[in-house]
Amino acid sequence: MNFLAPAAFLFAISLPVVVVFYLLKRKRVVKLVSSTLLWQKFLSETQASAPFQRLRKNWLLILQLILLALAVLALSRPFFATKTKPAQLRVVILDASASMQATDESPSRFEKARSEALKWVDGLANNDQMVILQAGANTEVKQSATSEKAALRRALQSCVCSDGPTRLVPALRMADSLVRDQRSAEIHLFSDGAVPELNEFENKALPLVYHRVGKNSNNLGIIALDVRANPENARQRAVYTSVANFTSNSVQTDLELWLEDKLLETRPLNIPAGETSPQVFVAQQDKDGVFTLKLSAKDDLAADNQASITSLLPKPVKVLLVSRGNRLLEKALRATPEVELATANDLTDAGTVFDFVVLDDVAPTVWPKGNVLAFHVTNTNWVENVTRIEAPAIVDWRSAHPLLRYAGLDNVQVMESLAAKAPSWAVSLVDSPQAPIILAGELGRQRIIWIGFDVLESNWPLRVSFPIFIANAVDWLNPANAKSAQLLVKPGDPFRLALAQPEKSANITMPSGTTRTVEVDPKANEFVFGDTLKQGIYRIHIGTNDMSFCADLLDNAESNIKPREELQLGKFTKVTATKMQRTNMELWRTIASIGLLMLMAEWWYYHRRTV
Amino acid sequence: MPESLLTPSLLRRLEQFQLLATRRAKSTSRGERRSRARGQSVEFADHRNYVAGDDFRYLDWNLYGRLERLFLKLYEEERELPVRIFLDASESMTFGEPRKFDFARQVAAAIGYVALSGFDRISVIPFPNQPPYSEVQATISPTDYNVELAARGGLRSVRGKKSAMQFFRNLNVLTAGGPADLNASLRRGALEARHAGVAVVLSDFLDPAGYEAGLTALVGRGFQVDIVQILAPEEIAPSHFGDLRLVDSETGGMQEVTFGRYRLKAYQQTVQNYLQRLREYCQGRGINFFTVSSNTSLEELLLKQLRQAEVWG
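Residue numbers (my numbering), protein chains in the order written: chain A, 2 to 612; chain B, 25 to 337.
Treat the hints loosely; a few may be bogus.
With a cut-off of at most 27 angstroms between alpha-carbon atoms, the simulated BS3-like pairs for lysine-lysine come out as follows [as the list claims (entries may be wrong)]:
1. B/289 x A/32
2. A/491 x A/422
3. A/563 x A/263
4. B/185 x A/28
5. A/42 x B/289
Honestly, the hints are just simulated from the structure, not real lab data. Quick caveat: nothing in here was measured; it's all calculated off a predicted structure.
Could you build the full structure based on these sequences and the hints that come with them?
Rendered as structure tokens:
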């Protein structure tokens, strides 16, 4: 048996109240009278001697009539029809991102949004259906379309706010697909509006109703964090961070830097309103560890007041240069710090002992399995339809790519180059009018940079951009760097770890301190852990390895908790926050409460009038 | 004491009255009331034929002179009027402010005084009877018991104005208590009486067994019955409200009642209904019926109501 309104059982509290009324013993005053004869006659006359009597004015009667009327009214479940139009299907999207944890609403924006959504559930007409979606880092369907209010309430109660950023696009996409062919359907978004671009929905005419929660933007947050070797002293580590002030006043706070459990530095900051304060900390580090930054100021959102990052000590990069002799390239590689260069004429094994292999105008006996920087080679596994072009003009290059950071290809001339259409795994870095001549991408787990020309047939080695490009390439191809990048995830994103050998299980200590054991498929060559909803430090023990990874918000849009009055869908479409109340505002609870009060008044009156 | 029953001024005014009996006196004792009996008085009644042995002194010689036949002149015999006062001395009469019993004794004293002044024989019958001493020895001294016993005996038959003081004294000694059985007392009183006369019943008529049988017996015996029903103010308009457990003073029976001011009217209606039934019953049998509250003025009852109803005049 199910109950649509199990909360109504709270009214059962009134049952003992009624019993108490009857337990109360009526204290009768004993009085000696001359004779009870007249009283007996009086009682027999006032008792019913005929089936009907004339109706007399009696307050008890009036009270009981009112009570009964209220009960009937409550049973009829009346409601106030508000201006909202009826909808047969309502898709409720509950924003469960970090900004919804802000405490400017009591107890939090998320709870406020949940209670608002619950009111809409209460107002659901009997035949209408509702879907509950939770939009956190991932979109979760908490309840598929149903009219069962109990199930909808349960689904809303089971929603949990995460520490992750808002990813509203998948949620809206799903909602859109649900309401697409419905005649009267609405999407109700309960959010603070701290959401990324929604350009995709500009022309879709979403029946979106935006319920804004949140009052103010009293928040200070760490929005960026990185750790690298100190450029001035390679033995030290430099921690780069940005602290943003989203309040309307300048804020004084202390920024603390911790290495594991040790406080390294406390820096007082004074950040003007709306400004971002970039900070660099320099610290000594003897072994791999986790740097944690903490803000001491109290604000409405606690999730972004702390951020951690795993810092691995730099290790020498083992590079094999397979070449028939290229001093310029060799020199450029050697100039890069931490590189241990080995050279060879040919590659006879997969080159797995090296971090990456540089192929310079050779066709090796065995193609390397690790990361590759390839100059003027043809491998049909990588690129197809390779053509030769003479003196290609470099017309464009992707300067935003990490490989071409600070490496502009102005004044670079190439005598002859191979060119290929960019395959699906790669992006074009440098384009000639005919076809791309430099490609980079990840094929499987192999990172490949393919350069179509021999550097000796160009003037590139003479340009300052060449050593910078080589240094960038070393960074990009170094698996350790990729690994350390993997050690920082957004809350809600899965953590991935390549396994060198099969493992059976992994022990994970969560930020809360609890430990979980996760089964690992022995055939898998990758370990994936998805329960990263809470930010903080996750410590993993897998096989013989111990490592830590961190889940951090580090999201400018999410830390800016200012509630938005409007949601911008592209350039020209926007959705204004609604002030709509829930439809079908049911009144029976109020009426039943009044009825209970009437009942008590009636009891009181009945006893009062006998005195 | 007599003073406590009736004031001297009231006594003086009562002396002017005489009980008015609608029926001829049937007593055998001579008195001052006209009767159907023939005897010696100044009131001529009839003639009858002379039979041998009649007293010559009553022959009507004038008639003999005219008709030459002997006739005897008959005169009305004046007899006394026996007045019986049934005085309710039950427990319920001890209620009220002033007490119903005190009021009833005053009425009894007044009626008795009027009767004595008119040379009528008065008997006061308090009921219930005095219980045996063994039952009440815890509450009453033997002297008081005997005094009351003597007083009850002294009230059985009183005649002549000279006995008035003693009559009052005896009335004053009476106490009330115990359960009344109105019907039995009236029936017994009717049977005991050798001659019917005037019967005055002073009671509250709050007997669960009713009153009809007793009154019927009195009327049937030939009494001219007058009723004075005495109720306490509290019985007419109760002043106690709330959840009550009422205990009957005579039967000890309990009655639980929830009573509020809003039901006062309904109660008073009940009282009026009860009185109306009693009144109608009395009217149907030629009984004079009066209802008084024990706090009404005695003069009002004696000098106005009883006079207007021609109980006396």
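Hints versus structure:
Only pairs whose Cα atoms come within 27 angstroms are accepted, and residue 289 of chain B paired with residue 32 of chain A is accepted, the gap being roughly 21 angstroms. With a CA separation close to 34 angstroms, the supplied pair residue 491 of chain A and residue 422 of chain A exceeds the 27 angstroms bound. Taking the CA atoms of residue 563 of chain A and residue 263 of chain A, the gap is near 34 angstroms; set against the 27 angstroms cutoff, the hint is violated. Distance restraint check for residue 185 of chain B and residue 28 of chain A: the Cα-Cα separation of roughly 57 angstroms exceeds the 27 angstroms cut-off, and the hinted pair is therefore not satisfied.
Distance restraint check for residue 42 of chain A and residue 289 of chain B: the Cα-Cα separation of roughly 14 angstroms lies within the 27 angstroms cut-off, and the hinted pair is therefore satisfied.
The structure fails to meet hints 2, 3 and 4 from the earlier list, while all remaining hints are met.
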